[in-house]
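**Q** Based on the hints, put chain Z in the right spot on chain L.
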Amino acid sequence: MKVELLELKENRVRFLLKGVSAAFANGIRRAALAEVPNLAIDEIALYDNTSVLFDEQLALRLGLVPITAEDPSVFSLPEECQCGGAGCPGCRLDFMVTVEGPGMVYSRDIKFTDPSVRPVVDTIPLVVLGEGEKVVIEGYATLGVARSHAKWNAGTLCGYKNLPKIEIGPECNGCGKCIAECARNILVLEAERIKVTDPLNCSLCKLCVRACETGAVKVEPVLDCFVLSIEGDGSVKARDMVWMATSEIRKRAEYLGNWLAEFA
Amino acid sequence: MAYKCTRCKKTVEVDYEYSGIRCPYCGHRILMKERPTTVKRMKAV
Numbered sequence: 001m002k003v004e005l006l007e008l009k010e011n012r013v014r015f016l017l018k019g020v021s022a023a024f025a026n027g028i029r030r031a032a033l034a035e036v037p038n039l040a041i042d043e044i045a046l047y048d049n050t051s052v053l054f055d056e057q058l059a060l061r062l063g064l065v066p067i068t069a070e071d072p073s074v075f076s077l078p079e080e081c082q083c084g085g086a087g088c089p090g091c092r093l094d095f096m097v098t099v100e101g102p103g104m105v106y107s108r109d110i111k112f113t114d115p116s117v118r119p120v121v122d123t124i125p126l127v128v129l130g131e132g133e134k135v136v137i138e139g140y141a142t143l144g145v146a147r148s149h150a151k152w153n154a155g156t157l158c159g160y161k162n163l164p165k166i167e168i169g170p171e172c173n174g175c176g177k178c179i180a181e182c183a184r185n186i187l188v189l190e191a192e193r194i195k196v197t198d199p200l201n202c203s204l205c206k207l208c209v210r211a212c213e214t215g216a217v218k219v220e221p222v223l224d225c226f227v228l229s230i231e232g233d234g235s236v237k238a239r240d241m242v243w244m245a246t247s248e249i250r251k252r253a254e255y256l257g258n259w260l261a262e263f264a
Numbered sequence: 001m002a003y004k005c006t007r008c009k010k011t012v013e014v015d016y017e018y019s020g021i022r023c024p025y026c027g028h029r030i031l032m033k034e035r036p037t038t039v040k041r042m043k044a045v
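Chains L and Z are the protein sequences, given in the same order.
Residue numbering for the first sequence follows the numbering used here, starting at 1 and increasing by one per position.
Residue numbering for the second sequence follows the numbering used here, starting at 1 and increasing by one per position.
Hint data in this document are derived by calculation from the structure and do not stem from the laboratory.
Heads up, some of the hints might be wrong.
[Stated by the list, open to error] With a straight-line cut-off of 16 Å between C-alpha atoms, the simulated EDC-like cross-links for lysine to aspartate or glutamate are: (1) L:Lys165 <-> L:Glu220; (2) L:Lys111 <-> L:Glu79; (3) L:Lys218 <-> L:Glu138; (4) L:Lys195 <-> L:Asp233; (5) L:Lys134 <-> Z:Glu34; (6) L:Lys165 <-> L:Glu138; (7) L:Lys237 <-> L:Asp71; (8) Z:Lys40 <-> L:Asp48; (9) L:Lys134 <-> L:Asp48; (10) Z:Lys10 <-> Z:Glu34; (11) Z:Lys33 <-> L:Asp48; (12) L:Lys237 <-> L:Glu220; (13) Z:Lys43 <-> L:Glu43; (14) L:Lys206 <-> L:Glu167; (15) Z:Lys43 <-> L:Asp94; (16) Z:Lys43 <-> L:Asp55; (17) Z:Lys43 <-> L:Glu220; (18) Z:Lys4 <-> Z:Asp15; (19) Z:Lys43 <-> L:Glu56; (20) Z:Lys40 <-> L:Glu167; (21) Z:Lys40 <-> L:Glu213; (22) L:Lys251 <-> L:Glu35; (23) L:Lys161 <-> L:Glu70; (24) Z:Lys40 <-> L:Asp55; (25) L:Lys177 <-> L:Glu138; (26) L:Lys237 <-> L:Glu70; (27) Z:Lys40 <-> L:Glu56.
[To be verified] Here are the simulated distance ranges between beta carbons: (28) Z:Arg35 <-> L:Gly257: 36 to 42 Å; (29) L:Ala45 <-> Z:Met32: 48 to 54 Å; (30) Z:Arg29 <-> L:Thr123: 39 to 45 Å.
[Unchecked claim] A partial selection of chain L residues facing chain Z, derived with a Cβ cut-off under 8 Å: (31) Ala45; (32) Asp55; (33) Glu56; (34) Ala59; (35) Leu62; (36) Gly139.
The C-beta atom is built at its ideal place from N, Cα and C for all residues, glycine as well.
Okay, chain L solo, but in the shape it has when bound (with noise of 0.2 Å):
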């Protein structure tokens, strides 16, 4: 197996995998999108909710509200935390929002008694407040997956293709129908010949292979090489998602061979 990194950012990382099967590359698409543990809030304590929002309304969206930690590897999942789940620093990261109106309630009013917590983004709107209106709400946020609620989903948009090859065959005329044809514009004219820009831009539509009369347009996925893209919504960054993923696949797959092991 070989690895080429294409893009990284903050919140995406774009690589290449090479020899390896759909399977493999379609597990690590899954453990980023459901496995990777994830701050969000779990149980609020409403004091005072005189909003037009229902308390339970209310608490969805604290729920929905992504939360990052500057280090989040010093929090564990509170099935795995030494307290047994009972609620400790170690798991548990308490806030307060009280926010009195007139005026916006936005996700920058929850405030973490931990000073390296805090929302990903300052300006998610959760309630409006009118004259006199209050909302006072403590709780808590813990560590979890997605598997067990959407709330902790960390990777937002992973997904993977087949890298695309795309040949142009020595019969082609240089027509141009299959430039206008493509969606992506990854096909372009030079000197009387069709070349490929950008091949690993192309979604394999294959619209410029029908367009092409002669037939030199030729685009066929390499069945053993993928391009992987995991994006998240900011609250782990993405490289560490990866990781994170990858160990939980490398972890389950320890754990089924120890398993295993004792029937051999």
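**A** This is chain Z only, laid out in the frame that chain L set:
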């Protein structure tokens, strides 16, 4: 159960069997259920 009259804003006790839903002070028939003073705990889901 204590309610609040939406017209005179007084807290009224409702006797369902005798008077039905009606404010004993002003006779208004729209009453509001007040939010309990207890803390409400719920899962953020």
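**Q** Determine for every hint whether it applies to the structure shown.
**A** Results for each hint:
1. Restraint check for Lys165 of chain L and Glu220 of chain L: satisfied, since their Cα atoms lie roughly 5 Å apart, inside the 16 Å limit.
2. Using a Cα cut-off of 16 Å, the hinted pair Lys111 of chain L and Glu79 of chain L is violated, with the two alpha carbons roughly 25 Å apart.
3. Restraint check for Lys218 of chain L and Glu138 of chain L: the C-alpha separation of about 60 Å exceeds 16 Å, so the hint is violated.
4. This hinted pair does not check out: Lys195 of chain L and Asp233 of chain L have alpha carbons roughly 36 Å apart, beyond 16 Å.
5. Our distance criterion of 16 Å between C-alpha atoms is met by Lys134 of chain L and Glu34 of chain Z, whose separation comes to about 15 Å.
6. Under the criterion of a C-alpha separation no larger than 16 Å, the hint pairing Lys165 of chain L with Glu138 of chain L is inconsistent with the structure, at around 55 Å.
7. For the hint pairing Lys237 of chain L with Asp71 of chain L, the CA-to-CA distance comes to about 11 Å; that is within 16 Å, so the pair holds.
8. A hinted pair counts as satisfied when its Cα atoms are at most 16 Å apart, and Lys40 of chain Z with Asp48 of chain L qualifies at roughly 9 Å.
9. The suggested pairing of Lys134 of chain L with Asp48 of chain L holds, with an alpha-carbon distance near 7 Å, which does not exceed 16 Å.
10. Only pairs whose Cα atoms come within 16 Å are accepted, and Lys10 of chain Z paired with Glu34 of chain Z is accepted, the gap being roughly 11 Å.
11. A distance of roughly 15 Å separates the Cα atoms of Lys33 of chain Z and Asp48 of chain L; the hinted pair therefore holds under the 16 Å criterion.
12. A C-alpha spacing of about 33 Å is found between Lys237 of chain L and Glu220 of chain L, which places the hinted pair above 16 Å, so the restraint is violated.
13. Of the supplied pair hints, the one linking Lys43 of chain Z and Glu43 of chain L holds, its CA atoms being roughly 4 Å apart against a limit of 16 Å.
14. Between Lys206 of chain L and Glu167 of chain L the alpha-carbon distance is near 12 Å, which keeps this suggested pair within the 16 Å criterion.
15. Distance check on the hinted pair: Lys43 of chain Z and Asp94 of chain L sit about 14 Å apart at the alpha-carbon level, within 16 Å; holds.
16. A C-alpha spacing of about 11 Å is found between Lys43 of chain Z and Asp55 of chain L, which places the hinted pair at or below 16 Å, so the restraint holds.
17. Distance restraint check for Lys43 of chain Z and Glu220 of chain L: the Cα-Cα separation of roughly 49 Å exceeds the 16 Å cut-off, and the hinted pair is therefore not satisfied.
18. Taken as a hint, the Lys4 of chain Z and Asp15 of chain Z pair is honoured in the structure, with Cα atoms around 14 Å apart against an allowance of 16 Å.
19. Of the pairs offered as hints, the one joining Lys43 of chain Z and Glu56 of chain L holds, with about 9 Å between alpha carbons and a cut-off of 16 Å not exceeded.
20. The hinted pair formed by Lys40 of chain Z and Glu167 of chain L fails the criterion: a straight-line CA distance of about 65 Å is larger than 16 Å.
21. Of the supplied pair hints, the one linking Lys40 of chain Z and Glu213 of chain L is violated, its CA atoms being roughly 70 Å apart against a limit of 16 Å.
22. For the hint pairing Lys251 of chain L with Glu35 of chain L, the CA-to-CA distance comes to about 12 Å; that is within 16 Å, so the pair holds.
23. With a C-alpha separation of about 32 Å, the suggested pair Lys161 of chain L and Glu70 of chain L falls outside the 16 Å cut-off, and the hint is violated.
24. Restraint check for Lys40 of chain Z and Asp55 of chain L: the C-alpha separation of about 9 Å stays at or below 16 Å, so the hint holds.
25. The suggested pairing of Lys177 of chain L with Glu138 of chain L is violated, with an alpha-carbon distance near 62 Å, which exceeds 16 Å.
26. For the hint pairing Lys237 of chain L with Glu70 of chain L, the CA-to-CA distance comes to about 10 Å; that is within 16 Å, so the pair holds.
27. Taking the CA atoms of Lys40 of chain Z and Glu56 of chain L, the gap is near 10 Å; set against the 16 Å cutoff, the hint holds.
28. For Arg35 of chain Z and Gly257 of chain L, the Cβ-Cβ distance of about 56 Å falls outside the hinted range of 36 to 42 Å, so the restraint is violated.
29. Here the CB-CB span from Ala45 of chain L to Met32 of chain Z is close to 24 Å, at odds with the stated 48 to 54 Å.
30. Look at Arg29 of chain Z against Thr123 of chain L: about 44 Å separates their beta carbons, and that is inside 39 to 45 Å.
31. Restraint check, Ala45 of chain L versus chain Z: the minimum CB separation of about 5 Å is within 8 Å; hint holds.
32. Because the closest C-beta pair between Asp55 of chain L and chain Z is about 6 Å apart, less than 8 Å, the hint holds.
33. This hint holds: Glu56 of chain L has a C-beta 7 Å from the nearest C-beta of chain Z, less than the 8 Å allowed.
34. Annotation: interface hint on Ala59 of chain L holds; nearest CB of chain Z at approximately 5 Å, less than 8 Å.
35. For Leu62 of chain L, the suggested interface contact is upheld, since its CB lies about 5 Å from the closest CB of chain Z, less than 8 Å.
36. Proximity of Gly139 of chain L to chain Z holds as hinted, the smallest CB-CB distance being about 7 Å (cut-off 8 Å).
Hints 2, 3, 4, 6, 12, 17, 20, 21, 23, 25, 28 and 29, counting from the list given before, are not met by this structure.
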